[in-house]
Structures are given as structure tokens and as C-alpha cells.
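Q: Please arrange chain B on chain A, whose structure you already have, making use of the hints.
Protein chains: 2
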Amino acid sequence: MEKTFSLDIPDTAKPRVVIIGAGFGGLNVVKHLKGKGFQVVLLDKHNYHTFQPLLYQVATAGLPAEAIASPIRQQFKHYPDFYFRLQKAVGIDPERNLVLTAGGALRFDYCVIAGGARPNFFGNGQMEKYAMPMKSVPEALDLRSQVLQTLERATVTADPGERRTLMSIALVGGGPTGVEIAGALAELKRHVLPKDFPGLDLRQMRIMLVEALPRLLPQMSENAGARAAKDLQRMGIEIHVNAMVEGYDGRTLRLKDGSTIDTYTVLWTAGVIGETFPGLQPAWMEKGRILTDPFCRLLFARKIFAIGDIALMKTTQYPKGHPGLAPTAIQMGRYVGKHLPEIHGGKPVPAFKYLDKGSLATIGRGKAVADLPGKLHFGGRIAWWIWLFVHINSLVSFRNKLLVFASWLYSYFTFDKGNRIIIRPFARKDDEATAEMVRANVPEETQVVH
Amino acid sequence: MEKTFSLDIPDTAKPRVVIIGAGFGGLNVVKHLKGKGFQVVLLDKHNYHTFQPLLYQVATAGLPAEAIASPIRQQFKHYPDFYFRLQKAVGIDPERNLVLTAGGALRFDYCVIAGGARPNFFGNGQMEKYAMPMKSVPEALDLRSQVLQTLERATVTADPGERRTLMSIALVGGGPTGVEIAGALAELKRHVLPKDFPGLDLRQMRIMLVEALPRLLPQMSENAGARAAKDLQRMGIEIHVNAMVEGYDGRTLRLKDGSTIDTYTVLWTAGVIGETFPGLQPAWMEKGRILTDPFCRLLFARKIFAIGDIALMKTTQYPKGHPGLAPTAIQMGRYVGKHLPEIHGGKPVPAFKYLDKGSLATIGRGKAVADLPGKLHFGGRIAWWIWLFVHINSLVSFRNKLLVFASWLYSYFTFDKGNRIIIRPFARKDDEATAEMVRANVPEETQVVH
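Residue numbers (the working numbering), protein chains in the order written: chain A, 555 to 1004; chain B, 555 to 1004.
If we strip away everything but chain A, and leave its shape as in the complex, we get:
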């Protein structure tokens, strides 16, 4: 059964572009389509754009959630013939040119799939059930709650083994997110927790970074990986490379080499897969990404584009596709927004060309690694300043810049991470102790121990 309700978007003579996803890619398509004679519809399951590069700071109490989220409607408030709809795309019908949502089917003349990536657990059901992903603001807040909750519980447990388990955190995936969150947790452990939890022996707190490949930051230079490993080790992070995760039952993380780690907190950043949906044919995809031609169009559906993390455009220079970074999504979004009028008019357009801006990862205060174009690899304080500048500068709204700047300025001088509040306790379904705490905080359900 298919509803024909059109999300209250008027049918006009203008060609309609439906963009799925308000990440870096989607926003840039919208921005560059302005005033070009299209009706533009943007769909997202959130009413805000998430600045993903700083999610890890929300998770580690460095930033308020609102500092890295910008309301989508705000971005395009003076944009005629633009429609935002709070809808998740649940399917596409490439033959009839329809995007399917819970609110009904939406006809399009052109569609841009820019839904980004979601965690890839590689079919490991246990990891999917018990490990925590961190691709959205609520997930980052969940991780923040989990880290703080387990420390609160460690404070009152009488069982030393349980305490160690509660005080252990395993980060699976040694890419930028894993490295950045490890560094932030190390700083939390060093500068904040000793004062917050004077009763806890923090030497028992273990933060482990687990990577299947032989080194950290495999997407970056050897130099960056080695520097990150050295810095993190100095900060007290246990680094396990060549370490494949086999399973996790919610308490014991098992590695392929037979070793185990007892922990209630496992973050999973070890893989992503495109945020696809039914209607895309298997032949159009490879490893969860959508194959495109050099013009960002789907190989067999020329009215549909795919950009950013979800797209796989194989070029001579990038035979495995472009790096899964914000600049790729931004540049592809700009490309589609800029050239769609010509494509629509049947004019020839140049192929997409990726401009490598290098990559950065921060490790901690005054510590970052940078791979800049021209094989310029370096780390340390200068890389950190570049990282700070690039991130403040890339934030979408002035309000975000202001909040992030104020928060960072405060943290820089105080060594404090002031957002360590458990807004909503995180409860894994199997986790009775936490569920108990959640229940205890809901007045109706409290019971007297009298």
C-alpha cells in the first residue's frame, strides 16, 4: 500500500530536487541550488544538521549538544521554494521517480542521496546489540551518560572485579574518532576525574583502543599513526593493534587472539556502511556504497545522484573511492548544486574533481596530527592550532561557532570539561543495574525498601 500524500509540497512547473540527508553533502547541494530555478526538498530524520567531527566532544563532556547542532530551517530561512521535511527516507522507486517516507511518497525530477554512513558491525550480531555507536547527537549523549554512570556505580560497588569492569572502556576502531575520543577520555581521567571521584583509585581505570590493522589512523600517514600512538600511550591509553574483535556479551569483549577485556562500555567506530534503503538495486552498490559515474550520478539511474560517505566514485586517482571525510561530502554537494542546472539543460559538465585538503586528528591539548597536501606530515602544537581553527571555521552557524569558542576558551584555561551531566541515563536493555537506576529516577515507579 502506498500513500500518495505529498508531504504538503506544491506541484509547480519547476523541476523538483529531493535531497535525502542534511549532512555536509546535502546542505551544500541546497546552498548551491539557490536561485537556479529548482524546487528543493530536503529530508532528514533530525531537524538539525549534526557537525559530526565534534560529536566526540559532546560524548566526552567537552561541549553541549546544542553547540554542534544547527537547526536546518534556520539555515535556509530566506530561501524561496525550499521545503524541509522531518522525514526519514525509507525507500526509493527509481522507475517511478519516488522517494518513500513514513509520511508518503514524494515525486522527484532529481534525487540526491546524501544520507551518510551508519555503523557497520560486519554482521556481528553481538556487537550490534551491545556495542555503542556514535554517529548522532543522542548516541553521543548516550556515551557521555554511560561513561559517567559507570563511574558513579564504581563508586558504590563493594566488589573489586565489578569496579574494574565498570572503570574499563574499550574503543574499537583506531581511526580519527577512536583516537580523538581516547585522547579526550585520557584528559578527563587526568584532569577532571581525580577531583570528581576522590574515592576511586583511578589507576584501575583502563581505556583501551583496539584496531584490527597494524597501526592507528590507517587512513592517514604512517607518521600520523605513529605520532598518535606515541602521544596516546604517554597519556595512559592502552593500544592494541592487529587486534580483531570476535564478540562481546555485554560484559566480556573477546579478541581473536583469545584475550578478553571485561567492560560495560564498548564504543564501536571500526567500520561504517552507507545509510541505504530498499529500492536501490544490489548491482548498483558495492560494499554498502552506491556506485556513481564521474558526475556523481548513479550508474543506472541518471536522475539520481549519490554524494559523500554513501557514494563510491571510482577514479584513477581514487580507485577505492574518495576518503570518507567532510571535504569529500562538501565538495560533491557543491559540485551537484553547481552543475545540476547544466545537466538539466543537457549541457556538458566537467567531471567531479576532488581537491585534497589533507586530514587532521586531534589527540589532546596541544597535540594533533596533520597530513597536509604535498606529503606534509607533522604533529604537535601547530597541528593542534590548525585543527582548532579549521573546526571553528567549518561550523555551520555563527551561534555554533560562538558556543564552541566559549566552551573551548573555558576548558583551555580551567582544564575542566564542564558538561559532564547525565541528562538522561543510558539503559541497555539487558543491563539491570542501569535499568534499576533509571527506574529509581522515575518517581512513579520507586519502591520503598522499608
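If you are wondering where the hints come from, they were derived from the structure by calculation, not from laboratory data.
Here the structure is a predicted model, which means the values were calculated and not measured.
One or more of the hints may lead you astray.
One copy or two, it doesn't matter: identical chains are merged, so the pair holds either way.
As the list claims (entries may be wrong) - Below, a list of computed lysine-lysine pairs in the DSS-like style, where the Cα atoms sit at most 27 Å apart:
(1) K784 x K585
(2) K631 x K743
(3) K749 x K585
(4) K901 x K568
(5) K683 x K631
(6) K892 x K749
(7) K743 x K901
A: Chain B only, in chain A's frame:
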């Protein structure tokens, strides 16, 4: 069955003071007990102090949640023999001097009940089920989500009656919270929503303030109530005084005079009752508040104190108890913290004396009302500046001050409320449309309409 586990708090020779609640009252007891020879245990169900006077700004997208929450452990990080425990008190045993929590029973030498107030629905089960309270950060975020969600749904509904229902908000209770939230919603409607929702006819948006007594702000002067009513009416708020609420089925709010209001969003601020728990005997209470002597002690349990909203100290000047305002809690907390050593030593102490600092309520940009001591009643821009200054100044941490100041500065110059993000969709259990949206945003449960 009673657990004997003591939340891992060591038994020492020092007398132990257990404080229930980290609101204005509880924090001030802790602060003033420092270095006075007591072991101090603070219990709260949140790991942060909530600055309640600004909750309404979190709800109306004026402030990030983190701006008005300060981590409790942070406040007392250099405080020897102080213990914070993330526990809700679920009972008290005044005979054996025990506070009961989900984590076990805790012995005390002195106990200070400072749990504040929770919404009082006066036994109206329908209101309790369907109306939204706003006493905590998650509840404020729920209201923010609800207001934004209903507007998103109004955008796509084809049914005009449904659209009007989605665009109506009823605020029950004409006290400071009701007035402040009405003003903030009116500004949202005027300055932000027209740009955000160009497709909605915002003249259909109704914001109603419903008060059972004959005027707004019944706790303040006649002058303040009249001024607030005049300002709010000019801002487009519908004010219903002498209007008693009879019931609400989740869609239709019924008043005693037979009139009805169709709305999915009913905020309830029409009454509070002390956040009490089993073990307090009915004879010790009156109208949900705990009777105390002039020294903040329970009438029949001299080792137990009650302060703030939960306390009812009848004096000649305040025969019905002191006003339910932050200054009462702060002053009682300071009083107990300051004089407990003398009380413990058997020395005479002066009775608690309330210093009336007046009261303030803001209505909108440049609009507030003030009742200052000495029957000084005025409104307008000066009252608003005083309000701003008092609130920034009262925030507990420098970090909170910085975030609030930066946010207000931004809003002042841009007329923007930048935090209008739905972090987690709010779902009332009976509300299928919202539940559907929530489900639609959870990847596992999405279904194809194909």
C-alpha cells in the same frame, strides 16, 4: 528486607549529615558546612544541579541544557569528607536515623530534606497522564521537542482541524513559569517561526495561559499581574483567568465553565507539592509540605531538617510558610549549614529569619515585572535588566554564566532562538503519530511502504 550496604561511605567519628536534594537549599547546606567537622553526604537523582529559574529557556530553545546544569561533583571538588551519591531517597526511618535509597540504607546523625517540589495534579489522573510538567532538564527538553514536533507535523497534515490542534499550546498555571514560558513562546512565534515555517499560517497558532485565580502572578503584586497580562496580551497570548481545568484526554482540554481547547500540548505549572517519600508521618505534614519549627527542624524529629519548597515553617509574618522561591531555599540552606555546629553542640541559635529580596518575572525582550522590598512595584526595561543581572549572577558556576551570557548576547542581537533542535523526539504513550515518528527515526524498525 533492608540492605545494610552503606553506599561505600566510611564510618568515622565525625557526625554524618545526609542531605537529600542538590537544589538551591541542599547546595547551600553543603557549602556552609565546609570545615565544620561534619561528614557530609549529598544525595540527588541527577549528577547535576538544575538552575530551575531558567528551565523555561531550555524548553523554548533559548538555552542549551548544559548552560543551566552544573555537575555537583565539580562544585565540591576540594571539599574533604564530602560524598556525593547519585541516589534518589526512597524513604526515611526517623526512629533508626536511616535514609533509604535503591543502593541501601544510610545512617545519619542529621538529615536535611531539601528535595524541592514536584508537580501537584491535585488528584486529576488525566492531567497527570497527559499534561507535561517542567521541573527537570529532561522535562524541559521534552517540552522543546513537543513544541517543535507538533509544528513539523502541522506542516504536513492535510486536515485543517488537526493542524489547528497541533498549533495550539495550553499553559495551565499563571505563575512565573507560566508567564515566562508564554512570553518566550510568543517571541518564538513572532521572530523565529515565520522564517522557519513559511508554509504555516501562524495566525492559527494559539498560545493560551490558563489561571484558576482571578489574575496572573497571584504570588506577586496586583501591579505585576496586571502588567504581565497587558504585555502578554499585546504579544498575542490568550489569557484565561478564573478558569479551572477539569480534564484533558490528550487532545481536548476541558475547563469547568464548559469551554474546551483542542491541543496536544498542555504544560502544567498550576501547582506543586513537596517531593516527599515514605517514612514521613502524615501528622508532620500539611498540604504536602513538611512542618518545621523556627530552626528548620521537623516538629517531631529533631535530627531532621526540612528546607526550601518542601518545608512549611509557619511564622507570624508568613503564616502560610515562606514563598516557594529560590531565595527561601538558599537562605534556609545557609541557615542550616551555618547553625548546625551550634545546634550539635547544644548551644542556642537564633530562629530562621527570611530576608525578602522581592521577586521578578520576565515576559520578553525588554519586558519584566519586579516587586522589590518596600512595596516597590514596577515593570518594563529596568525590571528586565535587573532580571538579567540577577539570573546571570545567581548561576552556580562560571561556566554556566559564560554559556548563558554568550547565548543571550547572541539572541539579543539576532532575535534568534538557536537551540530549536529535537534532540530526542518526545513520545507520549498514547500518541501514535509521534510514536510513529520516533520509530521512523530508529533504523531497525523502519518499514518500507513500497
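Q: So which of those numbered hints doesn't the model satisfy?
A: As far as the earlier hints go, 1, 5 and 7 are violated by this structure, in ascending order.
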